[in-house]
Amino acid sequence: MKEYDDWAMYEAEGNLAVAQMMQEIKQALSNNPLPKVRQLLHQKIREVGSQYGEIYDSDVRNTILFRLTRWACEVHELDSKFGRLDCNYWGL
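Using my numbering, the first residue of the sequence shown is number 224, and each one after it goes up by one.
In short, the hints are calculated from the structure, not lab data. Cβ coordinates follow ideal geometry from the N, Cα and C atoms, glycine included. Just so you know, not all the hints are guaranteed correct.
Label-pair distances were calculated between CB atoms; the ranges are [what the hints assert, rightly or not]:
| hint | residue 1 | residue 2 | range |
| --- | --- | --- | --- |
| 1 | 234 | 300 | 19 to 27 Å |
| 2 | 289 | 243 | 17 to 25 Å |
| 3 | 299 | 273 | 25 to 33 Å |
| 4 | 297 | 276 | 15 to 23 Å |
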């Protein structure tokens with residue numbers, strides 16, 4: 224299993240749904256400003272959450288926040304101490 228296959232969801236179907244959602248979000252990071260990606264994240268979480276309520280579980284949210292923040296820092300070169308992106312930015 225790859226690192227990004229486990230999103231702390233309760234069932235494999237939920238993990239797959241979140242993995243697909245996050246792949247779309249990760250692709251959006253390269254082509255969109257962060258506020259637009261944040262908006263897309265909230266929209267996708269509502270969509271996935273309508274079928275898999277555990278997406279609102281704190282373990283799932285924390286996994287999403289950690290990985291998304293790391294990806295955004297890599298894509299937007301925000302790794303300096305002055306340009307650091309905080310996990311709270313995403314508003315989950």
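Evaluated hints:
1. 234 <-> 300: 19 to 27 Å: violated, 37 Å
2. 289 <-> 243: 17 to 25 Å: At 19 Å between Cβs, range holds.
3. 299 <-> 273: 25 to 33 Å: holds, 30 Å
4. 297 <-> 276: 15 to 23 Å: Violated: the Cβ-Cβ distance is about 30 Å, outside 15 to 23 Å.
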